[in-house]
Amino acid sequence: MKRTSGDEIAGEVGLVRLGLRGRFVAFVSAIFIAFGVVLTALAVRAQNDHLRHELEDRGKLLTTVIAANTTDALAMLEVSELRRMIAEARDQENVLEVVTFDEDGRVFTDGTVENPRRHELISEAALRHVAGSEALLVEFDGDAMIVTKPVHLGGSVLGGVRLRYSLASLAEVQASLARRTAMVGAIFALLGVLAAALLTEAVTRPLNEVIQATRALSEGEPVPRLPVRTADEVGELAEAFNEMTRKLRDTTVSRDYLDRVLETMGEGLVVTGPDGTITRVNSAVCSLSGVGEEELLGQNCRDLFRAPQGHVSLLDALGPDGSAHGLETELLARGGEAVPVMVSVGAMEEIAGRARSYVVVAADIGERLRHEQQKDEFVTMVHHEVRAPLTAVRGAIGLLEGGVAGELGERGQELVEIALRNSERMGRLVNDILASRKLDSGRMEFHYEQVEMMPLVEQAIDSTSAYAAKHEVRFKLDEGVPGAMVRVDPDRMIQVLTNVLSNAVRFSAAGDVVTVRASRHDELLSVAVSDAGPGISEDFRDHVFEAFARGEHEDWRHRSGTGLGMSISKGIIEELGGAITFETELGAGTTFLIDIPESV
Amino acid sequence: MATAPPVPAGVLTIGSVSLKPAQEYEVFRPFANFVAANLHEVEIGRGRVVVVGSLSQMVEELREGRVDLFIDSPFPAAFVWKHGDTRPLLRRWKRGSDSYRSVVFARADSGIDSLDDLSGKIIAFGEPFSTTGFLMPKAALASGGLRLVNYEDPAASIPDDRVGYVFSNDAENTMFWVLKGKVAAGAVNADYFEALAGGRIGELRILHTTDEVPRNVVCVRNSLDQQLVQAIEKVLLEMHLSEEGRAALEAFEETTKIDRFPRGSEQDLADIMMLLPHVEEDLGR
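Residue numbers (the working numbering), protein chains in the order written: chain A, 1 to 600; chain B, 1001 to 1285.
Okay, chain B solo, but in the shape it has when bound:
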């Protein structure tokens, strides 16, 4: 009678940053289990998920070797790449999209024709950790020379040398706040802009569209065994080819697939790395 081979003792740890660790754990667990289950040849017996509250802590976790893989949006990935002992390994597709970008918009009748016109006004961003809702547009505005200052009150009085920003925490909020004049401008994922504007798109004017950035990034700890890294890379690249793999990907925030950076990680993430300084403070909090 054949007996099942013993489960290797090795553990693959995948890290994430979230203020809702339990929910996040449930999101990552199927993915981690699948990957680990396919790494027995390299002595990985199980997958493990570590959720921390900040990128700074994640950098520490990676640096200390307590996290092997870190999967997040481009800016957080760039942040840990920059500050931790990690490197971008693969690109992650979500909801059929390999990249995204943001649009900054205002009411067409607001008299705001360019980003510069936002001085002394308030722009609404989405969530603080949202790449397209906050990090990308903020970085874009900042890189344009605007001084962005966070406010709690959308009705706050903003000095002319600054651009105030508030978090609407939701793209739909952002759209309506702009349409209803609660804020002077807003920024949302470009993919959703038309849907959010709907029939009122004519009332809006797009002030700026950011460059496309990779949808998501898989980072790997530099100190991780290269053989293991190669094995991980192989598993991730082939996940969407099996039914079981696709199911695990689907459960993992509707991941379509994981592939290589077409132009290489350094080139594909060059813009992000360039913009990173404008949002490092926000990411590091």
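Here chain A stands alone, though its shape is the one from the complex:
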């Protein structure tokens, strides 16, 4: 059922449901009417009290005047005169009855010729009052007020005047007043409703605008910016709505953007519910699996991803925070094909405390594995097809150099040395490639021992001294940490130190000194190898430890190594639980720092 306004009728239950406008009108009207009723009631009450007091005062005053006028006649027993005066009093408005009486309370006259109340006794209470007081005695009998005014003269009681005064006119006045009040009340009510309607219009118009804009928003229609007319809560609501629509627009743009990104990304994306039910996939997943989106949605991700080794499912392999990175597993594609993938999983907790969703990003690593395999094949090939022949070549050249084939001429000796040097270089390259591959594939073997650190340093220096001497570079061991122990594979540690030392020699000029310092700090043993070379350029600093990385210093290129030394050194030292870093300054030199935990 399409809603048309804020004042709707809930047809299903047959109940009239007031909208905000209706409720507001009713509320404000009720306030106005209640205010009017209370006000008019108070006014009526005050007016009634005023009228009653006025009427009572009039009766009392009349009685007092009559009593004053009748004093002489009472004193002289001039009943005819009393009759005349009382007859006049009877003609006064609201006077129901009036009598004069003597000191015994017997009525002289009621003002009529017939005088039926003649000699009648007034009430005992009134008589007692008359005997002891000159004040008015006021009694009430229904709608009548009975006022008794004693008449005293010279200390003697002459009698008095007793007047029965009608307050019924008050009822008429009150009725009239009530009618007028009701009219005023009705006017109040009408004004209240009118005011409420106007007020409601003023209040609800901005709200209706918000409602309409919200509907437009929900239906995807353009949402105009709401005018902010007031600085009150309604104005704040409009501002907040405008802000919300702006952010929503941004969010919508971002979502579209994200959708496009997800659809164009190479990695497969799978979103699952807490139980692994797939709720969203991108096209990459469909491509990898060969299954359409419609079919994938609703499946469990365990049917899509093979459980990583040691786990019963992909989600079982997640860490405590619900995430995992770099999990290698297989995506089970249509037809039973398994696509090797590297999976990263992130948990999403949209609302705190609610069940998580999971985002699985799967990258096809089939190509990479093929490359790895090719590399392995290449290494195997190098190992078998290059290293062994090269060894034979080196051996042959060595034999030639040793004169097995006869005395070589100067030229021949020179060529043999060149061949030997290049074969050795090629040998180092082959060894480095093999070492690098072993590191990458995790197949490098380490034989840990508890050894003293300094002998390893000194042994590395000794191993590199010939190479240094060849380049007229000298090592200087400045500081040491005698007795400091480390738990490392000594050969690998020496390999790293040798790499760093030869690297320092390589970038030193003839006559330079490469300084070696071994020190201890923070449970680490640190070996610093400093050269006075050209330093590492800014651009190259991030690539120092990458395989086959080489600096751009032309002058030193001839001394360059295989480009794998520093990469291998970093890999080894990290396997040994240490780290390798460097500090460099262009034109001043470079210091490589090798930190390794001290073993106690």
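Derived by calculation from the structure, the hints in this document are not laboratory data. Every residue gets a Cβ at the ideal spot worked out from N, C-alpha and C, and that includes glycine. Any given hint might turn out to be false.
Selected chain B positions facing chain A (in silico; Cβ < 8 Å) [claimed, not checked]: (1) Phe1167; (2) Asn1169; (3) Glu1172; (4) Asn1173; (5) Ala1190.
Given chain A's structure and the hints, the job is docking chain B onto it.
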């Protein structure tokens, strides 16, 4: 086209005594007009009212022929009958009564048991011209041998050989003055006595009740044309028979009707004439 007969030029004059002539004129005028209007056959075209201040003057008016009819209480009527050239013609009823009388009363506990006990005391009468309130009781007391003297002050000291009297000017005053002991006795119309005494009648003792006298009397000037007198008599006797006549009578101090003296005027007014001397002085003032 018929034309109304011309109004006769004759005038019938009705006289009255009052100290309030304007008020009295208004009382008599409707009556006079009605009577005159019914006397066209005897050449009376209109009625006229003459109000004078005293009976003596009325006697003079009647004697001089300036007043044709005089209508009043029995004593004034008797007075003008006696002193003027008039005679009682008819009896007038008022308020349904053809006659009235007075009672003289005192408090029962006053020790006054008879009229004679009033000597040395003061009695309250009503108005000076009231037949039952003053003239009748005074005449009765006087005829009994009591010497009545008028006083202004009810508290005045009265010699034992006299009976003092004051005018209360109202029967109700008289009643209360007696009840409250302001005066020793009082006299009121017997018809009103019980009503005035009300529940306190037991506190009172009636000392004397006068004889009944005609309620009111219509006197006619003796020198008036007999034919006219007969015509007047006829009109007055028949007034209560017509609606218009009754209205005129009602407006004339609630007159019920006018009729003849049952026993004749001389006999019906004999007592009055006998008592008249005791109040002549009062009437003639």
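The hints, checked one at a time:
Interface restraint check: phenylalanine 1167 of chain B against chain A, minimum CB-CB distance 11 Å, threshold 8 Å, status violated. For asparagine 1169 of chain B, the interface hint holds, the least distance from its beta-carbon to any beta-carbon of chain A being 6 Å, beneath 8 Å. Checking glutamate 1172 of chain B against chain A by beta carbon gives a least distance of about 5 Å; that is within 8 Å, so the hint holds. Annotation: interface hint on asparagine 1173 of chain B holds; nearest CB of chain A at approximately 5 Å, less than 8 Å.
For alanine 1190 of chain B, the suggested interface contact is broken, since its CB lies about 17 Å from the closest CB of chain A, more than 8 Å.
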